[in-house]
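Number of protein chains: 2
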Amino acid sequence: MDPLDRTGRTDPGALAMTSRSAPDRLLAVLAAFDHTHPALSLTDISRRAGLTLTTAHRLVGALTEWGALERDGSGTYHVGLRLWEVAALAPRGLALRQIALPYLEDLYEATHENVQLAVRDGTEVVYTEWLSGRSAVGVHIRVGARWPLHVTGVGLALLAHGGPELQESYCAGPLASYTAHTLTDPSRLRRVLAEVRRTGVAVSSRQVTDDALSVAAPVRGPGGAVVAAVSVVVPRADAQVPVLAPAVRLAARGISRALGWRPEGRE
Amino acid sequence: MDPLDRTGRTDPGALAMTSRSAPDRLLAVLAAFDHTHPALSLTDISRRAGLTLTTAHRLVGALTEWGALERDGSGTYHVGLRLWEVAALAPRGLALRQIALPYLEDLYEATHENVQLAVRDGTEVVYTEWLSGRSAVGVHIRVGARWPLHVTGVGLALLAHGGPELQESYCAGPLASYTAHTLTDPSRLRRVLAEVRRTGVAVSSRQVTDDALSVAAPVRGPGGAVVAAVSVVVPRADAQVPVLAPAVRLAARGISRALGWRPEGRE
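Chains as they are written, first to last, in full-length UniProt numbering: chain A, 1 to 267; chain B, 1 to 267.
To be clear, the hints were calculated from the coordinates, so they are not data collected in a lab. Just to be clear, a hint being listed does not mean it is correct.
[Unchecked claim] Here are some chain A residues pointing at chain B (derived, C-beta under 7 Å):
(1) Phe33
(2) Pro38
(3) Ala87
Beta carbons: idealized from backbone N, C-alpha and C, even for Gly.
Use the sequences and the hints to build the structure in full.
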């Protein structure tokens, strides 16, 4: 299943007949690109953005001239380097990742397991970094992948520290199920979240696939608010949670300190 | 000196009085953000983008609603997660970096030096990845940083394989100088480029600062064209070029293979 299909975003084509503002039309061109459509022809773009070919041609031309899109020899468009340079400034994207990377590398060195960094976007977790050995197998998480909060370790860590309002509305909503073990019972989910807050670690087992387990810990910003989460994902059969948990917590605290967080009192 | 000041891009404010198209105005809002201005107020944006406050307000609103910008509690705007997600699709940005990262990590493990991945944008090199230990000191390269091609190892590797036309126009142009050792003589630069092609490695010493040396090798795409370059940067005093060169070449070939390149004949 395609994670982006679960985001609830409106299908770009559905907007075709609506009158839209100039910014909306330009952003629709950018939104036509996603990880299943990283390369598009002008016709593809016009169809996916719900624009006439003439309008698409004009907007794609402006975006290409600026560098937000790049056109290859065969006339196919890709996302361009200039957009990537601007996006590298996103505090929750590459900027966070640059601060976190040395700690993620240390965590990878210490565990040699898949290592992830993620942030919350509404009711979803978005992976903003992932490290894996060249030979790593099993779990394949992509930078930019999205999942509902309750099915991953990083999601549980972010939900547990997202405040009572978020937790109540989230637990009240329908909880998507992927395996027989997915946490779909609201009261059980609430107990798990309380446990995450108590222990400082979120363990998510068999929630998306039957063979994966993740151990996650929250990353705090200068004011103490949880701004991200870090995790390792391992094959469930080999998982040594008591061994992994301290390493994950240490990495999360290291990133928090690098972001300016300072522990209070005797924590 | 700020690398972005060397890009020759028009100062956004200078366009204030020009009539611009709707896409240009929206892109000017994005271009208002750079690494020295990652967080801007609405007034800052309007000034830097050369827009009236009313127009800036409307465009910033559309960009924020879409997720290209994010507004924090104090009313300051940052680049948003959604833009980062789209930009992650850029083949020469994060997409290349995700393929290259395991090889860059191996190179870092083998050398414990600063490791970089870079691509060419016109006559400049743009760093798209950089790994350094938490305690790494000395050379500070930022993801998104730009330099003229002739002053860095990656730049020489990209220029040497950029085709005769690029080389001729580049060597004919003024060659910026940063130290007494910067390659500013066109005929000497041509000889260096020929040597880079012959050996498969570019060595750049004391070109930007007096204490740094970089060793770089070209990364090839499926068709054999050079699409990126990888390098290590070390303090010049400790530099062991004969030791570093094979490791850098190996990493570059590993990335090339992962991109689909296959060596021909007995190369």
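Outcome of the hint check:
The closest approach between the C-beta of Phe33 (chain A) and any C-beta of chain B is roughly 5 Å, which is under the 7 Å cut-off, so the hint is satisfied. Given hint, Pro38 (chain A) at the interface with chain B, holds; its Cβ is 5 Å from that chain's nearest Cβ, closer than 7 Å. Given the 7 Å rule on beta carbons, the hint for Ala87 (chain A) holds: about 3 Å separates it from the nearest Cβ of chain B.
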